[in-house]
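Mind docking chain B on chain A? Use the hints.
For the record, the sequence lines run as chains A and B.
For the first sequence, my numbering assigns the number 1 to the initial residue and increments by one for each residue that follows.
For the second sequence, my numbering assigns the number 1 to the initial residue and increments by one for each residue that follows.
By construction, these hints were calculated from the structure, which means they are not laboratory data.
Don't take each hint at face value.
Claimed, not checked - Going by beta-carbon spacing under 7 Å, a handful of chain A positions derived as facing chain B: (1) 151; (2) 277; (3) 284; (4) 294; (5) 300; (6) 301; (7) 302; (8) 303.
All C-beta atoms, glycine included, are put in the ideal place defined by N, C-alpha and C.
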Amino acid sequence: MSQPVEVDAVVIGGGIVGASAALFLALSGKRVALLERDFFGSHSSGVNYGGVRRQGRPLSQLPLSRRAHEIWGDLRAFIGTDGEYVRSGHLKLARSDKDMAALVAYEEASRGFGMQLQLLDHAQLRARFPWAGDVAVGASLCADDGHANPRLVSPAFAFAARRAGAQTFEQAHVSEVSHDGQAFVVRTADDQCFRGPWLLNCAGAWAAQLAQQFGEPVPMRAGHPAMLVTEPLPMFMDVSTGVEGGGIYARQVARGNCVLGGGQGFPLDPATARPGQAAILEILRNAVELYPPLAGAQAIRTWSGTEGYLPDREPVLGASSTQPGLLHGFGFAGSGFQIGPAAGEALAQMVCAGASNIDLTPFSITRFQSQPHTSSPAIVVPSGTDNVIPLLRGRSNP
Amino acid sequence: MNEAKNGAVSEAVNAPATSVASTVIVGAGPAGIRAAQTLLAHGLRPCLLDESLRGGGQVYRRQPEHFKRSAKALYGFEAGKAESVHTTIDQLQAEIDYRPETLVWNAESRTLDTLHNGRAAQVPFKHLIVATGATDRILPVPGWTLPGVYSLGAAQIALKFQGCAIGQRVVFAGSGPLLYLVAYQYAKAGATVAAVLDSSPFSAQTRALPALLGQPSTLAKGLYYRAWLTAHGVPVHQGVHLHDIQGERRVSGVSWQQGNQRKNLVCDALAFAHALRSETQLADLLGCDFAWSALNRAWLPTRDAAGRSSVEGVYLAGDGAGIMGADAAEMAGELAALTLLGDLGYRIDRARSIELQRQLAAIQRFRQGLETAFPFPEDWAAKAPDSLIVCRCEEVSAGEIRQTVAEGHWEINRVKAMCRVGMGRCQGRMCGLAATEIVAHASGREVACVGRLRGQAPIKPLPFGVEAEQ
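In isolation and in its complexed conformation, chain A is listed as follows (with noise of 0.2 Å):
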């Protein structure tokens, strides 16, 4: 067996969560080992639907999203590109007037975190996006949010971690994890070994495994998006579009291609999955009337990856009840591209300083130890998250 190589915090999993703290931890001084399974950003963090936004999520999440916005509006100085990452707004629309009240009161409980939500009318929807179908009665924009190319920004941190210090390893799937009784000892089935006194479990949907070796089982779920994407189209949609209480999602990149997702695929094995010929269908139905600009479009591709969802659609975040230096970061629930790199950063801090700027308490892994599906301390607010949809729509398993 190889000799283990000695670090400060290893990091498994380089998702967009495991590779900025693996970053946030070089630049502050640390050795770190980042440890990917596949690719980095190649799984969840790497094929989502490229969302950056703060409006619609839990007021539990806001704090650190407030502190992510920071992050992306200094993107390349972090990353070295901007990964096609534009500040287009994100418009979130309502079908009914129940839905706008929905986005109405969401606009009042989430004043203070900086959003500056504007409330859209029929009318002056109708005035600033034309484009926007009939079928929506009014809109909340938040026009500092926006879009992201998730293929190029997602690995972009990994990289920017390497050039930072970090030693990165793609293709290093983790094969056994121990404590020696001072520090955690990583292998990797190609006989790496890792030593370090902090370990930061980023492992995604797949960080169940870990968390239940040290006797913090999860309920974890896997979900699975139902992504699509058209040919260029001439330019339409200048915001990134979702709707009030789950539906198709839409945002339109520089080359002109739309980018749609909706419902759920269905898993091909553990690390892959398929959008599902149900939910692409779904979408290629009833688009047009949310974005009739997309009548007569042809989608080219199709796509889906595997997300992790616990219960309450919260993410775990922050250190474990159990096990002295190991750190959880999973669970975002399909929402973790734009809050990823704040989560890093707060996971980053409790190594570094022992306590993350901002509170994690509500993302504490202790919620499921006791009465799990009653006592979470994530605050309700009247509005879901977006882009999260029903996970029992499509063909995604029961």
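Same frame as chain A, now just chain B:
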């Protein structure tokens, strides 16, 4: 012994009752049509799905119904075979569930997703013969996106289907048997063939002769086209490296390198390809195992000698599982159907099955000879300039792919994610292999060692507003 083949044995002796729609064939080319015929002869009525308006496949593509050219004019030496395949599908269509103009765009849970006339539908299957055929293998060259540049197959379709030529003064380039055939067909049809530019050296064809002699009639046809072109004053150049295609708004000329000489020619259209590549997306979506084929220089779905894929109940026939040509496709279609019937418990003519396997093996040896005669231009990637557009849908250049490799990426799906190559409308069906060549060369790996582009639905684009059966 031959009862089964003659159709005398029907369901009476046959084991499992199989409903009409549960046996499905995708592709009505020579493989699919022979498969359908064989199934029907044993009393099994398959569903035959085909993208085209009329059966025959690419090789025996039929002209529109009101066109009146003779088979001889359209298919030359192959007229008899073409007519036989066409007659077969004409006779079959009333007896099977034949669905032309039907795109299979996805496969999932033993169901095919189809698109016909703007309507989506699902076709469940228990047994499936995949006969999806091939397209041209394209190695891009500067200027290849100019109007007036066609693949060899497209140039042939223009002639066969619509009765029109792609230009008045046409250059044919690339390599492979189709190169000489299409040039010959154009010249016969009255177009001016300005030149044939073959990338393979004459010496390669000499070297290949022993293997090619195994199929003397096919070899003779090739030699005939070649001799005919020379006799009719068409310049044929061998060992040519196509340098670039010139033109402002459309093709106006071509330049190439032969030895250390650069040559130019004026033309108004050019067709090129380096043999064919298999259409494997459906097999991929079905979950078939793939293996690297050095002969095809491609990842292909694996099949046993009798045509079974790695997925139970899924059979592979024809060029879609490895390029062997139209004659082999007819045999492989019949063979796959016999294997399927045998697996279902039908009484089949085992001797016929063995004979087909023997003939296919012989054609495979001939195919090795063809590969020697028309070798893949292994220096293509090295010679491709940085400015060359490899992926025309997403406008990704060879230089951008090399830059991505220089940043540490070598796996083709990863390279695609980083620089968009193969992400566009064709989903890598046209550019994927060229991109793979560039990635392999730039990363210093074997072409077999840079991964395989994953198939993703839809196999071809799907429209918004599609109606669907529920």
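Any hints this thing doesn't respect? Which numbers, in order? none
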